[in-house]
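Chemist: Sequence:
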Amino acid sequence: SPETYWTCLLARNGWVVFDLKHEYSINGIRIIGCENQSAPRNGRIDVSNSFNGHWLKIIDFICVLSQGNKNDFYFPSVKKRFIRVHILDNHGGIDIRIKVIGFFGVDMSLVDLLRQYGLENSLNTLLANGINDLETLDEQRDAILNSSDKYLDVNDHFQFIRFVEALRSPRLTFLKWSKPPKTTAIAGEKLKTFSVIGDEGATGRVKLEEKHENSPQATTILKRDLEPIQGHSLVAFRDYTFKY
Numbered sequence: 001s002p003e004t005y006w007t008c009l010l011a012r013n014g015w016v017v018f019d020l021k022h023e024y025s026i027n028g029i030r031i032i033g034c035e036n037q038s039a040p041r042n043g044r045i046d047v048s049n050s051f052n053g054h055w056l057k058i059i060d061f062i063c064v065l066s067q068g069n070k071n072d073f074y075f076p077s078v079k080k081r082f083i084r085v086h087i088l089d090n091h092g093g094i095d096i097r098i099k100v101i102g103f104f105g106v107d108m109s110l111v112d113l114l115r116q117y118g119l120e121n122s123l124n125t126l127l128a129n130g131i132n133d134l135e136t137l138d139e140q141r142d143a144i145l146n147s148s149d150k151y152l153d154v155n156d157h158f159q160f161i162r163f164v165e166a167l168r169s170p171r172l173t174f175l176k177w178s179k180p181p182k183t184t185a186i187a188g189e190k191l192k193t194f195s196v197i198g199d200e201g202a203t204g205r206v207k208l209e210e211k212h213e214n215s216p217q218a219t220t221i222l223k224r225d226l227e228p229i230q231g232h233s234l235v236a237f238r239d240y241t242f243k244y
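Going by UniProt numbering, the letters in the sequence shown line up with residues 1 to 244, in that order.
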């Protein structure tokens, strides 16, 4: 409905976090506010690879109150999973109302898989046709194969068929804690078993890394394979001793 909005009951300092489920390369945002004084005015964009931060500010923005209220803002590409849109104030209304928040960018899973199959030269054509993630590509795979000259170099057609077949296999697109580890431990302490889950049927190896707060490098400590279980894939880390 044209009269449907996201509404924050505060007139200042409202924010929302978007979890993109996995890493995207983002280079812009579109904000469409309502057509009155509750439309957002000043704000900023923060990004992180963790819901709890640390958050990195990417851009400050000012939304202009105008007919349609569509404001696009661009910035150098950044690869992150979590995006926080922070609205600092509005144009004088009692609350904040937003019709649309959208992002310009591409799913890095799509980029990586295209590279794996030697099809990275097709990326710009796919993006120009509104295909920027694996889900959209999978939905439109038949149309692409039936009009492959529109999307692909003639020599890439059969390789693209292999690529599409790979999309139908279970893929790992996210990891999240099933049973998180304790957040505070004593050096030398053996932690209780903790685990992560991923997509149903997905396989792959998960790495557990250690990184000292004063070191820029992370060290791989353990590797475990995901195992299908109860509608998802799970890997558990047992008998891990906290060293630092």
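There's no promise every hint is true.
Computed list of lysine-lysine pairs in DSSO-like fashion (alpha-carbon distance at most 30 Å, straight line) [unchecked claim]:
| no. | residue 1 | residue 2 |
| --- | --- | --- |
| 1 | LYS211 | LYS79 |
| 2 | LYS21 | LYS80 |
| 3 | LYS243 | LYS190 |
| 4 | LYS179 | LYS211 |
| 5 | LYS99 | LYS57 |
| 6 | LYS190 | LYS223 |
| 7 | LYS211 | LYS57 |
These aren't lab readings, by the way, just hints derived from the structure by calculation.
Chemist: Evaluate each hint against the coordinates.
Modeler: Evaluation of the provided hints:
1. LYS211 - LYS79: holds (20 Å)
2. LYS21 - LYS80: Roughly 10 Å separates the two Cα atoms, so the pair holds.
3. LYS243 - LYS190: It holds: about 9 Å lies between the C-alpha atoms, which stays within 30 Å.
4. LYS179 - LYS211: holds (20 Å)
5. LYS99 - LYS57: holds (23 Å)
6. LYS190 - LYS223: holds (17 Å)
7. LYS211 - LYS57: holds (23 Å)
Checked against the numbered hints listed earlier, the structure breaks none of them; every hint is satisfied.
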